[in-house]
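Take a look at the letters that make up each chain.
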Amino acid sequence: MAAPQPGQPLPPVRKELTQEKIARYAEASGDVNPIHLNTQFAAAGPYGRTIAHGMLVLAYVAEMMALAFGEGWLAQGQLNVRFRAPAYPGDTLCTAGEVQQVVSGPSGKRAVCRVRCLNQQGQVLVEGEASAALP
Amino acid sequence: MPSQGSFSLADLPAGHRFGPQRLTLDEGFGQHYLEAIEEESPLFRRNPGSGGDPKWLPPLALAARALTALMAGYSLPPGAVHAAQELEWRQKVQVGATYTLSGRVARNAVRGPWRLLTLELSVADQGVQPVLWGRATLTIPQGSEGKAGEG
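Residue numbers (the numbering used here), protein chains in the order written: chain A, 12 to 146; chain W, 1300 to 1450.
Among the hints, erroneous ones may be present.
Stated by the list, open to error - Only pairs whose alpha carbons sit at most 20 Å apart, straight line, appear in this in silico EDC-like list of lysine to aspartate or glutamate:
| id | chain 1 | residue 1 | chain 2 | residue 2 |
| --- | --- | --- | --- | --- |
| 1 | A | K120 | W | E1326 |
| 2 | W | K1391 | A | E109 |
| 3 | A | K120 | A | E109 |
| 4 | W | K1354 | W | D1325 |
| 5 | A | K120 | A | E140 |
| 6 | W | K1391 | W | E1326 |
| 7 | A | K32 | W | E1387 |
| 8 | W | K1354 | A | E82 |
| 9 | W | K1354 | W | E1339 |
| 10 | A | K32 | W | E1339 |
| 11 | W | K1354 | W | E1337 |
| 12 | W | K1391 | W | D1325 |
| 13 | A | K32 | W | E1337 |
| 14 | W | K1354 | W | E1326 |
To be verified - Simulated DEER-style distance windows between Cβ atoms:
| id | chain 1 | residue 1 | chain 2 | residue 2 | range |
| --- | --- | --- | --- | --- | --- |
| 15 | A | G101 | W | P1440 | 19 to 29 Å |
| 16 | W | S1340 | A | T103 | 12 to 22 Å |
| 17 | A | A14 | W | D1310 | 23 to 33 Å |
| 18 | W | G1395 | A | G81 | 16 to 26 Å |
| 19 | A | E38 | W | S1340 | 13 to 23 Å |
| 20 | A | G59 | W | G1442 | 15 to 25 Å |
| 21 | A | V135 | W | W1413 | 35 to 45 Å |
| 22 | A | A34 | W | T1397 | 48 to 58 Å |
| 23 | A | P23 | W | W1413 | 31 to 41 Å |
| 24 | A | R93 | W | P1412 | 35 to 45 Å |
| 25 | A | A14 | W | F1306 | 30 to 40 Å |
What the hints assert, rightly or not - Partial pick of chain W residues on the chain A-facing surface, computed with a CB cut under 8 Å:
| id | residue |
| --- | --- |
| 26 | D1310 |
| 27 | A1335 |
| 28 | H1381 |
| 29 | Q1384 |
| 30 | Q1390 |
Read the hints as simulated data drawn from the structure, not as lab findings. In this text, a Cβ means the ideal position worked out from N, Cα and C, and glycines have one as well.
When you get a sec, could you build the whole thing from the sequences and use the hints?
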């Protein structure tokens, strides 16, 4: 893997979100908050419908980082993001990001990146910073 | 984020501690999690390209499962939103590994029409070495506290 350069884009990850996928994530993670699963409950809430787990959407951002940086991301990484808007069943999500800088520290070099996930309307759902260890 | 339980997270004071408790990420969980997020990278296969059982897991698998496990028995009020997340990890997350989880309420404060709840999570391996640390910030509309989510 060539050394990342500032401005270098990260490989996007695209996912079609469905209620079934949200339910599957709820079962896997153990987070069964009814706002993700119960249409009646969600209809009475602030969004009017079920929404995806923030950690599910963040998992897609993490997948992008894993694609970009491989085992360095798995071995030593950081994420610092804000959730800006919910993701709904039926949305098409796409992650994006770019290397901001390569920094050196006590544990070696790291690639610091800006990361985000957008829906099909280009609305930013999640954005922030992620970093991965470099070989 | 937790949802089931008799006690509301919004009622917990800053400094309240969760755990410690143990968590093992078995192969069933690993497979289930990877399928749920549609992760097909060979990074998570024992034998890349052969479809073998996963050996490593995404760090967020540990974070997500640990948060849920640690806060079982607690619920969030309606309208609670996951506003921000910080995570940092120092080891690969391994299928079959057992971890020790602990956490605390770092902040529970009212800011205008919102309650801000910050939960911290720490995960260590069996050698007591830090593996993962996280901080989740939730916003809860004022007036909805104490009304546990319908389960």
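The hints, checked one at a time:
1. Simply put, A:K120 and W:E1326 have alpha-carbon atoms about 32 Å apart, too far for the 20 Å limit, and the pair is violated.
2. Distance hint between W:K1391 and A:E109 is unfulfilled; the C-alpha atoms sit about 23 Å from each other, more than 20 Å.
3. The straight-line distance between the Cα atoms of A:K120 and A:E109 is roughly 17 Å, inside the 20 Å bound, and the hint therefore holds.
4. About 10 Å separates the Cα atoms of W:K1354 and W:D1325, which keeps this hinted pair within 20 Å; it holds.
5. Distance hint between A:K120 and A:E140 is fulfilled; the C-alpha atoms sit about 16 Å from each other, no more than 20 Å.
6. With a C-alpha separation of about 15 Å, the suggested pair W:K1391 and W:E1326 falls inside the 20 Å cut-off, and the hint holds.
7. For a cut-off of 20 Å, the pair hint linking A:K32 to W:E1387 is broken: about 26 Å separates their Cα positions.
8. The straight-line distance between the Cα atoms of W:K1354 and A:E82 is roughly 12 Å, inside the 20 Å bound, and the hint therefore holds.
9. Between the alpha carbons of W:K1354 and W:E1339 the distance comes to roughly 13 Å, so the proposed pair stays at or under 20 Å and holds.
10. Restraint check for A:K32 and W:E1339: satisfied, since their Cα atoms lie roughly 15 Å apart, inside the 20 Å limit.
11. A threshold of 20 Å between alpha carbons decides the hint, and for W:K1354 with W:E1337 the separation of about 16 Å falls inside it, so the pair holds.
12. Taking the CA atoms of W:K1391 and W:D1325, the gap is about 15 Å. The hint holds against a cut of 20 Å.
13. Between A:K32 and W:E1337 the alpha-carbon distance is near 9 Å, which keeps this suggested pair within the 20 Å criterion.
14. Under the criterion of a C-alpha separation no larger than 20 Å, the hint pairing W:K1354 with W:E1326 is consistent with the structure, at around 8 Å.
15. A hinted range of 19 to 29 Å holds for the C-beta pair A:G101 and W:P1440, which are about 25 Å apart.
16. A hinted range of 12 to 22 Å for the beta carbons of W:S1340 and A:T103 is consistent with their spacing of about 21 Å.
17. For A:A14 paired with W:D1310, a C-beta distance near 50 Å fails the hint of 23 to 33 Å.
18. Here the CB-CB span from W:G1395 to A:G81 is close to 22 Å, well matched to the stated 16 to 26 Å.
19. Between A:E38 and W:S1340 the C-beta distance comes to about 21 Å, which sits within the given range of 13 to 23 Å.
20. For the pair A:G59 and W:G1442, the supplied restraint of 15 to 25 Å holds, since their beta-carbon distance comes to about 19 Å.
21. Distance hint check for A:V135 and W:W1413: the Cβ-Cβ separation is about 21 Å, which falls outside the suggested range of 35 to 45 Å.
22. Separation of A:A34 from W:T1397 is about 28 Å and departs from the stated range, judged on CB atoms against 48 to 58 Å.
23. For the pair A:P23 and W:W1413, the supplied restraint of 31 to 41 Å holds, since their beta-carbon distance comes to about 33 Å.
24. Separated by about 19 Å at the C-beta atoms, A:R93 and W:P1412 break the suggested range of 35 to 45 Å.
25. For A:A14 and W:F1306, the hinted distance range of 30 to 40 Å is not satisfied, since their beta carbons lie about 50 Å from each other.
26. Taking 8 Å as the C-beta cut-off, the interface hint given for W:D1310 is violated, the closest approach to chain A being about 17 Å.
27. Using the Cβ-Cβ criterion of 8 Å, the hint placing W:A1335 at the interface with chain A is satisfied: the shortest such distance is roughly 4 Å.
28. Here the hint on W:H1381 is kept, as its CB sits about 4 Å from the closest CB of chain A, short of 8 Å.
29. The beta carbon of W:Q1384 comes within 6 Å of a beta carbon in chain A, closer than 8 Å, and the hint placing it at the interface holds.
30. Interface restraint check: W:Q1390 against chain A, minimum CB-CB distance 7 Å, threshold 8 Å, status holds.
Violated hints, listed in ascending order, are 1, 2, 7, 17, 21, 22, 24, 25 and 26; each of the other numbered hints is respected by the structure.
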